[in-house]
Amino acid sequence: MYSFYKEKLWAMSCPNKRLLLSMKFTIIILLISVFQVNARTYAQRITLAEKNAKLGKVFNKISLQSGYDFFISEALLNKANPVNINVKDLDLRSALDLLMNNQPFEFKIEDKSVVIIEKQVSFLDKIIFSFRAIDVSGKVIGEGGEFLAGAIVNVKGSSRSVAANDKGEFSLSRLDENAILVISYIGYENKEVKVSSGFMSIVLARKVGELEEVSISTGYQKISKDQLTGAASSLNEKQYRQREAVTGNFLESLEGKVPGLVYNGQTGELSIRGVSTFDAVKQPLIVLDGFPTEIDLRTINPNDILSISVLRDAAAASIYGVRASNGVIIVETRRGKSGKPLFNLNSSYGFQAKPDFNKLKYAPASEFVQLQRDNFYISRPSKFLYDLGIYKKDPSLEILFRGPQVGVTNPELSQAQVDLQLANLGSYDNLQEYSDIFYQQRQVRNINLDASGGNENSTYFIGFNHIGETPNSRRSENSQFNLNIANTIKLSSRINFDFRGTYTNITNTSGVIPSYGSFLPYERLRDANGNALPVTLGPGRNNLSSAVLTQDNIDNQAAGLYDLLYYPYRDLTANTNTVRTSSMRFQGRLNGRITDWLNVDIGGNYENQGVLTDNLQTEESFDLRRLVNSMALMDPANGRALFTNLPKGNILRKNSQHLVNYTVRGQLNFNKIFSENDHNFSGLLGVERRKTANDGYLTSYFGYDGQTLVVKPINMGLLNNTRNPAFPLSPIGNGVFFNSNNYFNETSLDRRFQSYYGQGTYIYKSKYVATGSFRVDQSNLFGVDPKYRNKPLWSAGLNWRIGEEEFIKKQSWVDQLQLRAATGFNGNVPSSSNGAFLILNSALNTSLHTPLAYNEVLSPENQSLRWETTQNYNFGLDYALFNNRISGSVDYYIKTSKDVFGQFDSDPTSGFNQYNANTASIENRGLEILINSSNIRRNKFEWRTQLTASFNNNKVIAVKTTDLNNSQQITSATVPVQGQPLGSIYSYNYGGLNNLGQPYVLDRNGNRKILTMIGTNIIDVTREDLIDNGTITPRHVIGFNNQLTLGAFDLSFLFMYYGGHVMRVEQPNPNNVNSTIVTLAGSSNYWRNPGDEANTRVPGYAPATASAPGYYQVTALYGYQYASEFVRKADFIRLRDVVVTYRAKAKFLQDMGLKNTQFRFQAQNPFRYTFSGNDIDPDAIDRQSGIRRLETQPFYSLTLFTNF
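The sequence shown lines up with residues 62 to 1265 when you count with the working numbering.
Honestly, the hints are just simulated from the structure, not real lab data. What you are looking at is a predicted structure, and each value in this text was computed from that prediction instead of being measured. Honestly, I wouldn't trust all of these hints.
Straight-line alpha carbon distances no greater than 27 angstroms define the calculated DSSO-like cross-link-like pairs of lysine-lysine that follow [claimed, not checked]:
(1) Lys-551 with Lys-398
(2) Lys-1206 with Lys-398
(3) Lys-826 with Lys-228
(4) Lys-422 with Lys-1001
(5) Lys-398 with Lys-299
(6) Lys-228 with Lys-169
(7) Lys-252 with Lys-217
(8) Lys-149 with Lys-122
(9) Lys-140 with Lys-1190
(10) Lys-169 with Lys-149
(11) Lys-228 with Lys-217
(12) Lys-112 with Lys-255
(13) Lys-828 with Lys-773
(14) Lys-252 with Lys-118
(15) Lys-828 with Lys-200
(16) Lys-122 with Lys-200
(17) Lys-200 with Lys-180
(18) Lys-118 with Lys-1190
Label pairs and their computed distance ranges (CB to CB) [to be verified]:
(19) Ala-266 with Asn-716: 53 to 63 angstroms
(20) Ala-266 with Trp-861: 42 to 52 angstroms
(21) Thr-760 with Thr-570: 15 to 25 angstroms
(22) Ser-258 with Phe-558: 20 to 30 angstroms
(23) Glu-179 with Tyr-825: 17 to 27 angstroms
By construction, the Cβ of each residue, glycine as well, lies at the ideal position given by its N, Cα and C atoms.
Starting from the given sequences, assemble the full structure and let the hints guide the process.
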């Protein structure tokens, strides 16, 4: 047998006890035959036949055959190589010589014992080895070319080992030229390779049926997911590219694939684990190739993305400190690969039908005319004022004032004639015409070409992408060009340099699309020849006293002024808005290897983005004509218009925003394995400096001629002092004011951060993982008090890989099992647009004849202002079961944000009404579930599913807010209330109508009230009388993704469920006929006579004058508009996408050199089911106000992919 020893050799008894006993009695005989011992030793005959056997097992067999005891330390036995031996009837020493031939050991025979010791190297051998020793470096990759970060590289037969870095690279110095490396990585087959002096590229094959190994990039390092203690998710290129991002928006491909992540493609809202702030940054931090990015996300080409990691809790994200409270999204783009040049071509075409305005449920022209008629007879407008031109002469009033009315004895038209003409007026509805002339089918064209290649010393990648888009709105065109370059150079065996550069140019051009409320629904917008026609209303104006009178307009034009009628169709081409975005991003990283386990990173990035917006208003533009007419002076000599202050001609406004960011970082990385792989220490220490500067200016050119580039001067002082126009521009004479801030402005924002950070991981026996991180952020956003400037943010976590325990390994149905627990703090910064952090504003007072520069203090001193901080607790379970048929994770989290920024009432004597302070605390609790399943795996057919589920409960646990004056301020906004979720909406308890058609609200005791909020006699309810309807933010998000493969065809489809939230739905209201709010269908079903209150909930008209019958304040309509019964469940299920892919294998394609050719058809948003009982899309509505937006139409695309 063999025994372990540590410091001393202990005599171990031979298995044959009787032999030992007889030796005691025959000692004299043994002494006599001492000279025969050596001969008998050689005479012991050994027979073995072992293949890949353990050395200890072989020792046992030799001991049984020979009677010799074996002594070896446990540490040495762990270094033993597998044994392959086949001998028959061989003497002991020869058998041992043969056995030790492939082992790093030697043996000594003493009496009846064999002692195994480590092989000693002679002085001569050491000299020879010094000449034969070589330095080895290489990288470990998977079959798909992915880097296997954290792969373990062992030197066979020794204790030396090293872990590969985030690029899969490793290095070992002074190895024997005949050494063998053993490379291992979870989910892959182990591989042995002989060392070579060149750069080694080692490809590991995936184990059959093994779960795909997931690596998580934190931006600072890349680690295997089994070493994580926090909550993080990762998508590889194949998972991410399941949906083709035809429009260039990479975020839309994340929906439904990451637990805890919620993305609304219509609004662009993105959150991870709920919202935890009022006024600070709400979006997750985006990190691109290791460095945070501040520039337009359209600069990220989805075709270049290699992987995306999402860090959801403090243990995963705290290393980003005050930027990590909302989570972190890490985007890694593609690099070059060694080998001959490889070209990838990707071309897509997509289209989307123009919006369906019928879904908005606007009142048709016939109903609208009926409402105008009813309103006329109820309000009884003055014929005298109409004749004076005070009322706008819209077509319905032209008819009604000529018909019967109170006080008119001889009307021009009879009631029958009035009704007939009104019916004829309402027979034409311009909604279809509006849709046809202002909207169109959307088309998107996307082409991408990239090339990569290189050798072991240098690799390159270069990608070109162009997106051309014709949006739904006419006279709009978008064009985008991206260039991406990546180059990795091996400067020496110890130094690597990585460079990346991107350039993006985006041009967006658009005209002016008027809102549908800018004209009456029965007015024609074009004549039979397609020429623009004027309409009664104008942009943002109501029906009363706003439009120029016909005769005044004729007289004004004769005096030299512009025509002041509004032509919506003409405005489409009279205004051109062009936005040019030019972005550059460069980054470099130098990695130097100090030892096998220690290296240093020095790098940084630089971002430069310019956004130039040109707004050109020609003389056909209504806004320009109205402004110039308002600023015109009258020549007292002849009554002609003088344009001394503001000249005639085009107006060009140029708004330039220039963003410059840089990050400089120095980082020390270590990864050391000790004590026969039992202890693994890894981590990093670093320092980082970051700056974000944003400068902008707005300047304008008047009388601009685009051909000659000639402009004309203006008089700023006189323009700002012009309050009353010299000519009659409306029935009551009002025009528009000149606001210099709309034409001239300048801004500057400078933010600076300095940070110190560190992260460490300890792994014991590959079963127990402990992690910790810290970061100290300093910034110029806050004061100099070290208490707030040097507050460290930290995290700590544990991971127990239960699946590596022996008692779990015995369970054949368990493939992977690990428990995680973590806690820590991260933070948030104020948004760049938050005025409370803009201390001083420099401006120019142009109201004086001689403009005067002045400074304005925007926010009072607040020495206690500090970072928002978020404390996180996370408990997680990762699993893989039944030969990896089912795998996934479960995470429960508690996320508490404190010192949340908000507005607070100020001491009136300070000179400020409010100031920004740390006023609140918000808590998010939730559960996240991920389930992957391989349902069917047969020959050519495979069916896999993925379920992601997120359940979030949000609550304001403390808040100091400004007191609100009335209930309408509470119901018409989402006000944070202690104990309630963010985004909660409050509503009136609607009590129906009284017998005058006036809306009631009920207080908590059931008392009926008619709201009155104007004047001294206020009738209102308190906050306690209102009903809390819930939150407008989805609390439950579930994604159900299916992928099916049959031969050369792939089919995938994703269902999304959003629930646990509510929405207010706008209701029909006849009173909207006199406002800019578009009147909804069904408004004619209003209260008309006593008794109607039993059959309708729609209030009657609120006459404009208190003397009219049935008068009530329009503020009473708040009780109807914000009634609880009009709040609906907002849950819905949407088929987000259906993707069909065909992998072509036609011979003619291969003859052309085309490989991996695929055709893909994709349909996005083809189906929706709502739980509200109506057909309103919860994504196409302002859930707080209830005002509807245009629904997103299905988007269809066809893509060709090939490489060569």
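Task: Violating hint indices (sorted, rising) - done: Violated hints: 4, 6, 9, 13, 16, 17, 18, 20; rest satisfied.
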